[in-house]
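J.: Listed below, chain by chain, are the residues.
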Amino acid sequence: MSASNPALHAACPPEQPHNLSAILRAATSGDAQAWQTLVEMYSRRVFAFALSRMGGAELAQEITQSVFVTVAEQFASTNYHEQGKFEAWLFRIAANRIRDEARRQQRQATPTDPSKMPGKALATPESQIEAVSAMRDAMQQLPEQEQTVLQLRYHAQLAFAQIAKNLDKPVGTILAQHHRSLRKLKEALSQTP
Amino acid sequence: MNDKHTAQSELPDDLHETQHTLELLAATARASMPQALAEHLAASPPDAHRASRVVLGRITPMLAIAALIAVLATSIVFWQPSAPINTNAQDALLAVMQEDDLFVDIFDDAFDSFYTELVATEQLFASWDATALWDDSSSLWQEVVQ
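Each protein sequence line maps, in turn, to chains A and B.
Residues 1 to 193 in the working numbering are what the first sequence lists, from first letter to last.
Residues 194 to 339 in the working numbering are what the second sequence lists, from first letter to last.
Hint data in this document are derived by calculation from the structure and do not stem from the laboratory.
Cβ coordinates follow ideal geometry from the N, Cα and C atoms, glycine included.
There could be a bad hint or two in this list.
To be verified - Listing some non-contacts, in silico: residues in chain B with all C-beta distances to chain A over 10 Å:
hint, residue
1, Ala259
2, Thr267
3, Phe304
As the list claims (entries may be wrong) - Derived coverage of chain A by chain B (criterion: at least 3 residues anywhere in the stretch with Cβ under 8 Å from a Cβ of chain B; other residues may be distant):
hint, segment
4, 32-39
5, 45-52
6, 59-71
7, 175-187
As the list claims (entries may be wrong) - From the structure, some residues in chain A lie toward chain B, with a derived Cβ separation under 10 Å:
hint, residue
8, Gln105
9, Ile129
10, Ala131
11, Ala134
12, Met135
13, Arg153
14, Tyr154
15, Ala156
16, Gln157
Please construct the entire structure, taking both the sequences and the accompanying hints into account.
T.: So, in structure tokens, the structure goes:
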């Protein structure tokens, strides 16, 4: 596994821009440029989170769109007041949408082949595609709570403190679950032929 | 709390490769979002929603007023009273007088009939000798006494 893959550099929670509050204030006051910046910063993270939970690209697109429409409506209605909790709020909206959609459709999440995913293809070597596919299968075997922690951490790129806040659990519990989940995944992958 | 540092420092070395694979899976998912969706989302700033609400907020009262005027105009044009209404005091007085004339005619007829009967009765009594009824010798009295 190459750690020099550029995709990996963006995997951990990205540094929040120092002017995030200013961007949010501008977006709430109708600044189109600020809104575009927010979309660029967060739309792929919301999409990846939805994709990991629902397993279908079209559904993930619908959910992503729905989440940003809700954000836009809240901005426009002046119900949103920036208090430094935008990411936690955004992904709580996403989690609620995903839960509602899952209940409505009663769908079972199905693994998505990364080679068949729409949009920009990631330049991933064949060996890594296999590893990614195996990882997706292994994740499906984890308990729901552990899947959620990993998806919020890696797909949504949330900090552990934000994950704890979103799931209403102590940070220590989230860290322990994260560690335990990685251990389970390692064992599952080692058994993969 | 340095989130990244905490996570890395608590992870044993043997889990780093698993973590990297997981990160690659997530990065693949993020990269798979269609660019068209990003462009669509970016082209729908919150101001558009606000603008539509402002426009609606301005149009709605105007539409309500226009609808009210239309309803009133329609009512005026198509309104036909079901019964004549006395629009002035003269008409009202005339109606009462007409009704009074009718009442007087009816009363006059009735009074004439009553008066005629009264006169006839008086004439009858005047011509009747009541003492004859109670004469001791009358057969009727005799019957009562007995």
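J.: Are the hints correct? Go through all of them and say.
T.: Here is what the structure says about each hint:
1. In this structure Ala259(B) is separated from chain A by more than 10 Å, as the shortest Cβ-Cβ distance comes to about 27 Å.
2. No beta-carbon of chain A comes within 10 Å of the beta-carbon of Thr267(B); the shortest separation is about 37 Å.
3. Here Phe304(B) stays apart from chain A, with its beta-carbon at least about 84 Å from theirs, past the 10 Å limit.
4. Residues of the segment 32-39 of chain A with a Cβ under 8 Å from some Cβ of chain B number 4, which satisfies the need for three, so the listed coverage holds.
5. Coverage of the segment 45-52 of chain A by chain B holds in this model, with 5 residues showing a Cβ closer than 8 Å to a Cβ of that chain against a need of three.
6. For a cut-off of 8 Å, the count of residues in the segment 59-71 of chain A with a CB near a CB of chain B stands at 7, and the three-residue condition holds.
7. Residues of the segment 175-187 of chain A lying with their CB closer than 8 Å to a CB of chain B number 7, which satisfies the three-residue condition for coverage.
8. The criterion of a C-beta within 10 Å of any C-beta in chain B is not met by Gln105(A), whose closest approach is roughly 19 Å, and the hint is violated.
9. Interface restraint check for Ile129(A): the shortest CB-CB distance to chain B comes to about 8 Å, inside 10 Å, so the restraint holds.
10. With its C-beta approaching chain B no nearer than about 5 Å, Ala131(A) sits inside the 10 Å limit, and its interface hint holds.
11. A distance limit of 10 Å between C-beta atoms decides the matter here; for Ala134(A) the minimum to chain B is near 8 Å, and the interface restraint holds.
12. Hint status for Met135(A): holds, given a least beta-carbon distance of 5 Å to chain B, under 10 Å.
13. Checking Arg153(A) against chain B by beta carbon gives a least distance of about 8 Å; that is within 10 Å, so the hint holds.
14. With a cut of 10 Å, the hint placing Tyr154(A) at the interface with chain B holds, because the nearest CB-to-CB distance is about 4 Å.
15. Interface hint status for Ala156(A): upheld, as the beta-carbon distance to the closest one in chain B is roughly 8 Å, under 10 Å.
16. The interface hint given for Gln157(A) is met, as the beta carbon of that residue sits about 8 Å from the closest beta carbon of chain B, less than 10 Å.
Consistency with the previously given hints fails for number 8 only.
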